[in-house]
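Colleague: Construct the complete structure from the given sequences, taking the supplied hints into account.
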Amino acid sequence: MLGLSFIFAIGFVLIHLFSKRLKLLKVLPRSRFLSVAGGISVAYVFLHLLPELSIFQDELQGELENSGLQFLENHIYVIAMAGLVIFYALEHSVKTSKKKNKHADQPKAATGVFWVHIVAFALYNSVIGYLLVREEYGDPLGMFLFFIAMGVHFITNDKGLRATHQEEYDRYGRWLLAAAILVGWGTGAFADVHEWIISVLTAFLAGGVILNVLKEELPEERESSLVSFCVGLTTYSILLLFL
Numbered sequence: 008m009l010g011l012s013f014i015f016a017i018g019f020v021l022i023h024l025f026s027k028r029l030k031l032l033k034v035l036p037r038s039r040f041l042s043v044a045g046g047i048s049v050a051y052v053f054l055h056l057l058p059e060l061s062i063f064q065d066e067l068q069g070e071l072e073n074s075g076l077q078f079l080e081n082h083i084y085v086i087a088m089a090g091l092v093i094f095y096a097l098e099h100s101v102k103t104s105k106k107k108n109k110h111a112d113q114p115k116a117a118t119g120v121f122w123v124h125i126v127a128f129a130l131y132n133s134v135i136g137y138l139l140v141r142e143e144y145g146d147p148l149g150m151f152l153f154f155i156a157m158g159v160h161f162i163t164n165d166k167g168l169r170a171t172h173q174e175e176y177d178r179y180g181r182w183l184l185a186a187a188i189l190v191g192w193g194t195g196a197f198a199d200v201h202e203w204i205i206s207v208l209t210a211f212l213a214g215g216v217i218l219n220v221l222k223e224e225l226p227e228e229r230e231s232s233l234v235s236f237c238v239g240l241t242t243y244s245i246l247l248l249f250l
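Letter by letter, the sequence shown follows residues 8 to 250 of the working numbering.
Simulated pairs of lysine to aspartate or glutamate, DMTMM-like, Cα-Cα distance not exceeding 20 Å:
#1 Lys106 to Glu175
#2 Lys166 to Glu98
#3 Lys107 to Glu174
#4 Lys102 to Glu174
#5 Lys27 to Asp177
#6 Lys102 to Glu175
#7 Lys222 to Glu98
#8 Lys166 to Asp177
#9 Lys105 to Asp177
#10 Lys105 to Glu174
#11 Lys107 to Glu175
If you are wondering where the hints come from, they were derived from the structure by calculation, not from laboratory data.
Modeller: In C-alpha cells, the structure reads:
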C-alpha cells in the first residue's frame, strides 16, 4: 500500500498549504468544527494509539537489556507523558513571549520562539508521515481512518498556529510542516528503523495529540461545543471498533 500511503501523504501536505481556504471552515461554526475534530482525534488516541503502545511494550521485553534505555521496556507511557509536557511547555513559552509584546498592534511570539515551536511541530508531523507508511493497516480503510483522524487534527493545529504566529506561519511555518510530512513518509518508505524508535515516536505522538486537542477544546474563548465533541468522538469510535 505504498502508493496509497503516498497519496494520503500528499493529502496531508495539501491540508497544510490550503486549510486556510477550506470552505468547510466558513460554512460550519468554528467552535463546532473544532469540537468534532477534537472528538475524532481523542477517539483515535485512546482506541488506537494507546492500545498500540501496550503492544509495543510487550514486544520490547528483552530488546533493550544492558542498555541505558532499558526502562522503556516497562515505561513506554512515560514517553507519552513527556510528549504532552513538551508541547505544554512550548505553548507556555509562546504565551509568555506574546505577553511581552502585548503593546504591539498585533501581539505575537518572538521570532526565536516561533522557530522552536514550528520545529517541534515539524517533528510531530514527520512522525505522522512515518506512521502513514509503517503502521500495520489491515486494509486501505484503516489507512483512510488514520488519514481522517490526523487530517482534521492538522486543520485545527493550522488554525491555532496561524492565530498565534500570524503571517510568519503562512510565510514559513506551513511549508516546513508540509515538507516534514514528506520527510517522515520518505523515511518510512526507504529506511528501516528499530522497533524501539517506532515505539518512542508513537508514544511521543500520542502525548502531543492529547495536549493539542485539549489546548483547542478547553480554553473558554474557543466556545467549544460538547455535543459536537461527543458526536465526533462517538462516530469515529464506532468506525474504529466495528469496521
